[in-house]
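Given the coordinates of chain A, work out where chain B should sit on it, guided by the hints.
There are 2 protein chains.
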Amino acid sequence: MFKKILYPTDFSEIAQAAIKYIEQLKSAGASEVVVLHAIDSRSLDLLVYNPAVSMEFEKTLREDAQNKMSSVRSHLEGMGFVVSTGIKVGIPSRVILDAEKQEDLSLIVLGSHGKSNIREMLLGSVSEEVIRSAQKPVLVIKR
Amino acid sequence: MFKKILYPTDFSEIAQAAIKYIEQLKSAGASEVVVLHAIDSRSLDLLVYNPAVSMEFEKTLREDAQNKMSSVRSHLEGMGFVVSTGIKVGIPSRVILDAEKQEDLSLIVLGSHGKSNIREMLLGSVSEEVIRSAQKPVLVIKR
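Sequences listed follow chains A and B, in order.
With the numbering used here, the residue at position 93 of the first sequence is 96, and numbering never jumps.
With the numbering used here, the residue at position 140 of the second sequence is 143, and numbering never jumps.
Some clues are possibly wrong.
Same chains, same names: a pair is fine if it fits in one copy or spans any two.
Pairs of lysine-lysine, DSSO-like flavour, derived with a Cα cap of 27 Å [as the list claims (entries may be wrong)]:
(1) K91 - K6
(2) K6 - K139
(3) K62 - K145
(4) K29 - K71
(5) K71 - K7
(6) K71 - K104
(7) K23 - K139
(8) K62 - K23
(9) K23 - K145
(10) K62 - K29
If you are wondering where the hints come from, they were derived from the structure by calculation, not from laboratory data.
Please read all numbers here as calculations on a predicted model, not as lab measurements.
Excised from the complex, chain A in its bound form (with noise of 0.2 Å):
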């Protein structure tokens, strides 16, 4: 039932504040986490608009990612979880609702900034939205 979990994640306070939740579900039958992050194109498209300088800011993005990628890797493989991870360039949700079609999930643990959050204020809340959307289970971790 809490099996497989996807866990996006925009590496925030709220969103490593998840993982003791995931922690705590082991002994609920959790096994696997996968660990998404999603590189928001609208933030790149709305601060850039030359798309070789853009280009080289999602590459930036991109590396920064991948470093705190691995510490999260290293961090749930400690708890004993099977790790996987992806890193994709879209709309957040999107990237979220595609990953829950094409993987065989339990459940979907994700932090919620609520309305604190600029970017979110601006461009949507993601959290919200995947609620909205998913057709498996969401645990929401507030701020």
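Showing chain B alone in chain A's frame:
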């Protein structure tokens, strides 16, 4: 982390389906369940113009809820949970969020109808409002 669960229910199929997730959380430390049903005061106001009839309807709804609540209580007690129950008249999301403030909770577990439910289309989604405003983690079970 999952010790005391607030379980708001409208006794629908999806709300009932949430019970098996609560059961699964036992091995992750869940031991107490607060079952809460809200009779929507707005539905009564929309339906009935005569206050005497409205009170009559409320009484009937309350008796029906008490019967269903007994059955939920037995079911959860049979799983070994310490159970307390409440039936309140009000706006369901507010009733739930008030209970969250008063109880020393670990987690809210609730079923979500999504857009398929006419009541939620008219009166707004209870689950969305709860998820948005709750401070505790919320496990959302989807239809």
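Given identical chains, is K23 near K145, meaning Cα to Cα at most 27 Å, within a copy, between copies, both, or neither? For K23 and K145, the Cα distance is within 27 Å both inside one copy (13 Å) and across copies (23 Å).
Pop the pair K6 and K139 into one bin, within, between, both or neither, using alpha-carbon distances up to 27 Å. Cα proximity of K6 and K139: in one copy and across copies (12 Å, 23 Å).
Tell me, please, which holds for K62 and K23 at an alpha-carbon limit of 27 Å: within, between, both or neither? neither (30 Å within a copy, 44 Å between copies)
At most 27 Å between alpha carbons: which applies to K29 and K71, within, between, both or neither? Within one copy only: 23 Å inside a chain, 33 Å across chains, cut-off 27 Å.
Checking an output row: K71 and K7, CA cutoff 27 Å. Within, between, both or neither? within (21 Å within a copy, 33 Å between copies)
If the cutoff is 27 Å on CA atoms, where do K71 and K104 land: within, between, both or neither? Let me know, please. within (25 Å within a copy, 35 Å between copies)
With 27 Å as the alpha-carbon cut-off, assign the pair K62 and K145 to within, between, both or neither. Neither: 31 Å inside a copy, 37 Å across copies.
Checking an output row: K91 and K6, CA cutoff 27 Å. Within, between, both or neither? within (24 Å within a copy, 36 Å between copies)
Cα distance capped at 27 Å. Does K62 pair with K29 within a copy, between copies, both, or neither? neither (35 Å within a copy, 44 Å between copies)
Have a look at K23 and K139 and pick one of within, between, both or neither, based on CA distance no larger than 27 Å. both (20 Å within a copy, 14 Å between copies)
Of the numbered hints listed earlier, those contradicted by the structure are 3, 8 and 10.
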